[in-house]
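Work out the full structure, taking the sequences as your base and the hints as a guide.
Residue numbers (our numbering), protein chains in the order written: chain V, 17 to 344; chain R, 17 to 344.
Hints are supplied without guarantee of correctness; some may be wrong.
[Said to hold, decoys possible] According to the in silico footprint, chain R covers these stretches of chain V (three or more CB under 8 Å from chain R):
(1) 107 to 121
(2) 233 to 244
(3) 267 to 277
The hints are simulated quantities; they were obtained by calculation from the structure and are not laboratory data. Beta carbons: idealized from backbone N, C-alpha and C, even for Gly.
As a plain string of letters, each chain reads:
There are 2 protein chains.
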Amino acid sequence: MAIMVVGSVALDSVQTPHGSREASLGGACTYFATAASLFDRVRMVGVVGTDFPEQYLDLLRSRDIDLAGLQILPGETFSWSGRYGVDMGDVETLDTRLNLFSDFHPVVPESYRESPFLFLANIDPDLQLEVLSQVERPRLTALDSMDFWITGKRASLTRAMSLVDLVVLNETEVLMYSGRSRLIDGAEAILDLGPAALVIKRGSEGSMLVTRGGSIGERYFVTPAYLLPAVTDPTGAGDTFAGGMMGYLARTGDLSVSGMRRALVYGTIVASFTVQGFSVDALRNLTLDDIAARYRDYRCMTLYDPSPCPAGDWLERPLGRNTRAGTN
Amino acid sequence: MAIMVVGSVALDSVQTPHGSREASLGGACTYFATAASLFDRVRMVGVVGTDFPEQYLDLLRSRDIDLAGLQILPGETFSWSGRYGVDMGDVETLDTRLNLFSDFHPVVPESYRESPFLFLANIDPDLQLEVLSQVERPRLTALDSMDFWITGKRASLTRAMSLVDLVVLNETEVLMYSGRSRLIDGAEAILDLGPAALVIKRGSEGSMLVTRGGSIGERYFVTPAYLLPAVTDPTGAGDTFAGGMMGYLARTGDLSVSGMRRALVYGTIVASFTVQGFSVDALRNLTLDDIAARYRDYRCMTLYDPSPCPAGDWLERPLGRNTRAGTN
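As structure tokens, this is what we get:
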């Protein structure tokens with residue numbers, strides 16, 4: 017089932033301890049669309065300038081991403097540059113130029129209006145509301161946001177969150193919006209606005225799904241990030257997490273809570289590939305087979321009862337009897 | 017199978033946002049023993065002064081904990097006092113009085129010498145080595161340590177870690193000992209010393225098991241903490257985590273990797289009860305049935321493929337079709 021995504025398409029300049037890139041393909045909408053297109057058909061709504069490289073458009077088209085809603089206007093594309101420190105934690109923004117994006121108003125093409133899945137990436141919540149008014153009863157609507165709108169457009173964001181089915185925020189944003197110090201309390205405050213579920217992105221700690229009612233274990237699903245030997249560039253991890261998640265939901269059509277939980281895991285897997293390269297590089301040649309293989313390894317990393325790991329010699333080898341212990 | 021534990025028995029004075037306690041039963045050995053005794057027989061090795069309340073000894077005896085190795089000497093018991101801030105994160109130590117503990121030398125009673133499970137709680141690594149020289153081929157030996165010994169007695173700690181089967185440290189200690197900035201690298205550096213496995217305690221983030229060889233998912237097991245609406249006092253969480261883990265291993269005798277993974281989860285469950293009360297209060301009347309019930313809920317909180325949660329109305333209720341969305 018087709019997924020429509022609205023958000024920023026950008027040219028990113030990124031520095032990390034592993035290298036740097038100039039004017040590479042970026043933006044929340046781009047990252048989301050590239051990830052979701054691994055699973056299902058994607059329709060983009062956004063804006064770029066005439067400076068936007070044709071090769072980037074070709075890359076998106078090569079993934080069967082529908083660009084009917086991508087406005088190409090005279091002027092310059094939104095650009096962002098940032099630098100990550102050694103621990104790849106908080107990014108330092110060096111420059112943000114909204115350019116054409118500052119006057120952006122999303123226009124949903126007629127051919128998109130009945131998209132069953134809608135993701136409102138991190139943009140001005142007033143624009144998210146504009147999009148919600150242009151669509152016909154999607155099966156699932158979701159939104160992302162950021163600190164800038166939480167402080168600057170709280171009322172609009174609150175209204176947008178109350179209208180969607182699924183809110184996707186990171187841990188800091190949940191605490192900031194709710195004014196609570198415990199994540200669990202912040203999560204409840206957001207669910208109280210009306211959405212059926214909340215997904216909390218927690219970076220290298222993984223993610224959490226919060227649904228309604230039941231015991232702690234029924235209400236909260238907590239799952240770690242896939243462990244990687246090294247991270248090349250964290251940019252786009254959150255957006256490709258959302259893209260993988262929504263892509264899986266659209267592909268399976270499974271909107272049960274257990275389907276949602278697996279969707280978070282697929283998002284986790286896709287994001288783990290994203291951060292292994294700059295821009296969307298690591299997603300370009302990725303296949304569903306690659307994703308399935310890492311999903312199997314992730315199961316092995318997280319499951320315990322029963323353990324899905326193959327019972328091999330090393331796995332069943334007793335841990336004890338270190339022959340050097342008890343050397344009296 | 018009996019578990020022998022060596023470590024501190026203390027009188028703790030603790031302040032948290034939820035209240036305070038004076039001279040309550042504390043110490044790593046005590047916490048570990050109380051937790052492990054939920055699963056199997058425990059033998060303590062430690063020292064207290066004649067000021068140590070008889071009621072605390074009675075409490076330990078009431079759990080069938082063998083106190084033959086607990087020296088009761090003229091003088092004062094090790095005492096510690098600390099204060100937790102609002103977020104229950106880093107504790108501020110207000111006072112530490114080693115008292116009799118400063119001259120402590122563990123003596124393993126003859127009746128303990130063939131204990132199949134041995135846990136060396138956080139004490140001077142030279143004392144941990146003394147204990148290792150007094151035991152006869154345990155089936156599993158494990159140790160815990162702390163920053164103080166990592167910086168002050170690095171050579172002895174290194175030797176002790178090379179002699180045990182299982183090292184248990186928290187995340188900060190792994191990074192500090194290894195001098196690495198990524199946990200995964202620090203973990204490998206510790207496994208290179210010789211232990212068959214490393215357990216990394218991560219506080220409210222849960223824990224991780226690192227074993228040898230295989231894929232990422234086979235080598236690393238990552239599991240979150242149980243989510244709690246509120247924490248009363250985090251003191252003893254790490255020691256009761258270790259106690260629950262070792263207790264489960266001793267009770268089942270299952271030293272396969274999958275058995276170890278479940279042991280971490282049982283440690284997680286026991287620790288989650290510990291922090292819901294001061295001292296060992298929350299463990300006093302706890303039963304294996306209580307643990308099993310929370311284990312089931314923890315499975316529900318963490319598992320996804322298949323989900324162990326009962327398929328009820330609310331669980332299978334579609335997330336989508338928020339009737340307020342698409343209200344054009």
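Review point. Quick check: which numbered hints come out false for this structure?
Key: 1
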